[in-house]
Every structure is written in structure tokens, then in C-alpha cells.
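So the protein lines, in turn, are chains A and B. With the first letter of the first sequence counted as 1, position 257 gets the number 257 in UniProt numbering; the numbers rise by one all the way through. With the first letter of the second sequence counted as 1, position 111 gets the number 111 in UniProt numbering; the numbers rise by one all the way through.
No wet-lab data here; the hints were simulated from the structure. The reader is advised that the hints may include incorrect statements.
What the hints assert, rightly or not - The calculated SDA-like cross-link candidates involving lysine to any residue, where the alpha carbons are at most 25 Å apart (straight line), are:
| no. | chain 1 | residue 1 | chain 2 | residue 2 |
| --- | --- | --- | --- | --- |
| 1 | B | K60 | B | Q107 |
| 2 | B | K231 | B | R67 |
| 3 | B | K220 | A | G145 |
| 4 | B | K220 | A | M181 |
| 5 | B | K229 | A | G145 |
| 6 | B | K60 | B | V252 |
| 7 | B | K273 | B | S209 |
| 8 | B | K242 | B | H167 |
| 9 | B | K245 | B | A166 |
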Amino acid sequence: MPRFRTPFNGYSVKFSPFVESRLAVATAQNFGIIGNGRLHVLESTPGGLVEVAAFDTADGLYDVAWSEENESLLVAACGDGSLKLYDLAAPAGANPLRSLQEHRKECSSVSWNLRRRDLFVSSSWDDTLKVWSLARPSSLSTFTGHTYCVYHAAWSPHHGDVFLSASGDTSVRLWDLRQPMPTLLLPAHAFEVLSADWCKYNDCIIATGSIDKTIKVWDVRSPQRELATLLGHGYAVRRVQFSPHAESLLASASYDMSVRLWDWRAGGGAPMRGWDHHSEFAVGLDMSPLQEGVIASSGWDGQTCVWHINNAP
Amino acid sequence: MEHASQRLSVLAKQISTVQDGVSGLSLQACSAGDSAAYQRRGVALDDVVIVSALRTPLTKARRGGLRDTDAIDLLATVYRATLDATGVEPAAIGDIVVGSVLGPSSQRANEARIAMFFAGIPDTVPVRTVNRQCSSGLQAIADVAAAIKAGYYTVGLAAGVETMSAHPMSWEGGVNPGVERFPQAQGCLMPMGVTSENVAARFGIDRRSQDAFAAASHRKAAAAQAAGKFKAEIVPVQTKLKDPKTGEERAVVIDADDGIRADATAESLAGLKTVFKRDGTTTAGNSSQVTDGAAAVLLMTRREALRRRLPILGVFRSFAAVGVDPSIMGVGPAVAIPAAVKAAGLAIDDIDVFEINEAFASQASYCVRELGIDGARVNPNGGAIALGHPLGATGTRCTATLLHEMKRRGRTARFGVVSMCIGSGMGAAAVFEAGDAADCPSPRVMPGSDLNLSRDFRG
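Based on the sequences and whatever the hints tell you, model everything.
Here is the structure:
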């Protein structure tokens, strides 16, 4: 299985939606607590993962998202609260194209809109979310209401105006760009929620991952009770993601250093497969939208791995 | 490096171990039930915590329902209610400290002792009074908290009482002629209303905004009363009322505040005459009411509360009393609040709810403006203009109102402040943190698990 070793600790990995062999990795020095950050752009070749570009930042990087309309554009979420926009096609000196500084605390995640392709959303430890347009130098709107760090934001793949947020205030909220208040406030867990994602095949299904070690799957039309609780991780679930290719498949990365694959419809709530190639927290996770079954993870051990779910990593 | 330590604390919370099967219960240490961005303090077993905060209704002096009730009955009612609510055996109380301002000093100390026996507290428990004017109730809480911290005892009762029907504000005897030589000493002799006019004039608080502030106080209190919000903090008082004409006595139960005027508006208040100064701004409508009432707060160490399995209503975090110019004594909170908040290691922005005593709309609105506090965070259930200001009880009364409000808000309110100005030129403030009683998520049944079954059943 191809592996790439980053000098800093991995926080996020994302496949390009345009080039199937390409992926970006956001990293931060000293586990993201203090120090610099580096964004790596990697190419998967027969000889393994090869770095094609790298960008240094003064503070750690916690997340990265590829543009959905321009294959060479990506945006990274930085510990100093800024969002940094990079263009792989631009001359070396031109990057970052922009540094969007509005969040007052660490920027924790960024998600690019699949429907309205000029928009992206960022979440921050300053308890807010901000929606940005490529055409505008400042954010379009700020969404407040969370009462503790917001750890994750994700656009609905079905509706261009809808996104969700997961927060340390133990709630997951659904937002509509056209409304300042959340359209749904889901008290998803009794403990901090670190991640959430939308099902790509059913616009009402979401999954949430918490430091209570569980993943829960919800139908947003009946938020009183979860559809399923997936048990198996031994520590906080840092990232959950639905498969782009199968309705009931989802993957997770955890502070228990493992990456797991689940069929939430299967019942029983136990993982289908698990991989423990990381020797530190598994933090970043992505499933390739272009190659079915290909999955990538990155962790605090500095390893970024790409493999097929039918193989051992 | 502060940055790094904050990041470390955020990450540390994510890594904290969550026991299997406690998804419905959350311990304060690892729950995210806070509104401040970062956990600034851990949980310590020697924290001083509040397990009960109750008050009598506040009623108008000379006209209200408690006009014929003496300090003994008021205190005995809140003592007894506190013991009943917590199940603490009376002999466990290490000391009772009672804030009282206008009552005759020695007699009041004696009444506080007599009230103990009315409430079934044994003679082995000591009692004393404290008088720092309008902050006496808060001072009582701070004194008990300090004594618990010092290890003098582990359970203490702080109370406050005022019977303004029987003991109106007055000055006895002559005035020392030397006062003329000290302008600040002269300030101490000013009627409180004159100090209010001074604040309004010096800091440009106009009549209109004072009346609006007063109307808002009535409106918020009326809304809170209509919503039943005061039910949790009020103890009904079984007492008697004398008919002023016939002298006939009848037994009554007083269970609601009677000073709130739901129909008060800035316009209706604008018609009132000023009291202290021609062309002034302070009227009976935008000043606190003269009121009877009592309140009591039970404090103990967290260790003791856990041992007794008592839900923790709040944690006592800091207290500060400060001095200011007596002729503008109303500015006290503007100095005391930053001092108390700083002592708690916090910033003003971290405070979710303020109970700032509305001695006068002039000084209360000045303090809110001066501190740059969002008005929505101040006195969400109205203040002394609507509810009344029973001097010695106000500190404990505000604490009861604050902690019950924070409990209702749950995780969205983590820190609260009680503050007031003090006649003769002082201010006091205390910071409270929401306890775990405010953080009770409902347990959720996990599919396919037997978490809600007893341990015996699970074998």
C-alpha cells in the first residue's frame, strides 16, 4: 500500500474531485499545538505517493478542501483562524492566492459546496461558521449559535444552501444559507461531537462521531432518536464519512489509531472492516469520489496512506 | 504559549476517557457544558459549591403581604425550606451568617438566633449577622465561602433579611461636626437618591433612558412571573396580616412578589415627579422599591455535596468588594465586577448572566454601559425596580435568582455575576459557575444495549 511520510502530524487528507490520482494533506507541527503547518499535494503513482507541491504556513493546518469548480484550487484551514487559498497552476511566489482572516480562533474545518461551486464554508473554535464566495474578499455570512468550538462543517451534497456543523457543545446543527438560525438543532451526543457527514444517496441521513466513542446515524426528519449507534472505537471518533459509492457504507477515523468501515444498515452496529496501520491518532480520512473503494487516511504519526478497502493497508 | 495551552486544553477534552455506558450521564469535568471557549478551571473537591438558594416572596414595605411578618418568621421560613429541600441534618451546619442592614444590630443578631430554633436547628449551631449595607447578603455568602475554604467548617448557611416595613432607613443622633472638613464624609450622609442624581448628571444618563430601563425591569419581571420562573426559588411564607383599621388578624400564605407592575411603560413612568432634585431624573418609578423579604443559600465543599449526593446548583468562584466616591456610590458595580471577574480568571465576555442590583435605573444603566455588557445578559428576570430591594437580603436574593436562571439555561450559561452598589461608596461582586445540576442531559436508550437496566440485572 502506498504510504507517504509527512514531517509534521497529519490532520486531514482529501482526494481531488477532478484528478483521481491526486490528494492533498494538511499537516501541523507538534500535533497542532504549537508551530508551523504544511500543505502537501501528492500524486499516486505506480512507484508510490509522490509530492508534487508543498506550501508552508506559519501556523498549523487542520483541514483542506479542493475546489469543486477549478481543479488546481484548494483552500486550507489554519490554526491562526485564517483560510488560505492555493492555486497549483499559479507561479510559486503567488501562493497563497489569498488569506481570509476573519475567524478569531483556530479554523477547524472547511468544506466546498458541490452544488453552488463558488461557495465554501469554514468552522472555527470561535464557535462560529462562515460562508465564503470565491468572488468576495470577505465572508458572505457568519452563523452563530454554537456555544463551544465548532469542529466540523459539511455542505449537503443534495442542496446548495444547506450545511451541517458539529460542535464541542455536543450538538449538531443544520443550517440553511437563507436563515440565520439553524433549521435543526440535534442534541446528537452527550459529549463533544467532532465530526458529521451527509449520506450521498439520501438527503435526510447524516452520521455523527463523538468523543463518547460512538458513531450515530440519524434521519433528520425524526431527530428524537438515532437510526443506529455504531460501537467499536476505543476512543473519540475524529472523522466520519459516508461512501460516495454505497448508501449504507461509512468510514471513520479515531483517536484509538484505527480506521474502520461500517455498514450501518447491517444491524448489530459492529464494524465491517478495520485497519490499524497508524501508530498515533488517526485524524484525516477520505474516500475517493472517482475510484470506488479507494480510501486515504492521515494521522499524527506522520503517515498518509492510500489503499483499497479490499486490501490490507 | 497561552495559545498552546488553550489548544492543549481543547484537545485534552477530546481525548478524555469516556466510560462505556455513561453516554447519558455527564461528569462536569468532561462534559462540554460550558459557554466559555475554554475550560479554565478543573473540578476540585474543595471547591465551595451551592446546593440550595431560596427566597421568600418580595413584597412592598408597609403595604405588601409581609408587612406584618417579623425577621424571625422570615428567616425561620427560609432556614426550614433550605433544610427540607436538601435533607441536610441541621446539626451539620457549621455556622449561619445573616446579612441585615436596617434592623437594630444586636436585636437582629438575637432574632437570627431565635429563628434557628423556630426552624428546628439545634443550639449547637452558631449564628452571626453581617452588615455591609446593600451587599450584606452577598457578603454573608462570601464569608461562609471563605470560612469553608479556610477549613473552619464544611457546611454553612448564608442568609439575608430585611424588614423595611418595621425598620425604615433613618439616621439616629446628631452629625459629627468634623464631617464638614471631609468632602467624602459628607458624601456618606447624602440620601441615596441624591447620589443617583449625581451619577445621572456626571455620566449623562437622561430621564428617558432611566424610565425605559425601569419599564424593562417591570416587563422582564412580569414575563418571568407569568412564566412561573420564580416558582423554583420562592418559598411561600405562612404568616398573618393585620387589618390596618380594625386591627383584626388573619392567617395568609404569601407566595408571590407583589411589586411587579406589568403595565409600566417608559411613557407612564415619565409622568412621575422627581423626588430628590428639581429638574432631576430620579423618581419613585425608576428607583428600587422599599421591600420586605429574606433569602438563604446553603454552601458546602464539593466533596461534601458529592458525599451527600446533592445536585450542585453553582460553584462559588470569586468575590470582590471595592470602595468608590460616596457621592456617586452607584458606580460600585462598574469597579467591583471587573475585580471579581479578574479574580476568577475570566473576562467580562465570559459571563453569561448578570444580576446587577437596580438600586436606581441611573446607576444600573451606567454600570451596564460602562462595562460594555450586552443588555440582554443583565437581569433577565427583572431587578430591584420591579421586585424590590430588601437591603440585607438582596445579595442572597440575587444569587437565588441567578443560579435558578443559569440552571434553566443549562449548558448555554456557564458563568454568572451578582453585583450591587453600596451606600457610603462601595461596590461588591461575586462570580458563580454553573454546577452540574444545570447539566443534566436526558438519558437516551441505545438500541441493542441494556444501559438503562440495573447493574444487578446485567449481572
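Consistency of the hints with the structure:
{"no.": "1", "hint": "B:K60 x B:Q107", "verdict": "holds (23 Å)"}
{"no.": "2", "hint": "B:K231 x B:R67", "verdict": "holds (21 Å)"}
{"no.": "3", "hint": "B:K220 x A:G145", "verdict": "holds (23 Å)"}
{"no.": "4", "hint": "B:K220 x A:M181", "verdict": "holds (24 Å)"}
{"no.": "5", "hint": "B:K229 x A:G145", "verdict": "holds (24 Å)"}
{"no.": "6", "hint": "B:K60 x B:V252", "verdict": "holds (16 Å)"}
{"no.": "7", "hint": "B:K273 x B:S209", "verdict": "holds (16 Å)"}
{"no.": "8", "hint": "B:K242 x B:H167", "verdict": "holds (17 Å)"}
{"no.": "9", "hint": "B:K245 x B:A166", "verdict": "holds (18 Å)"}
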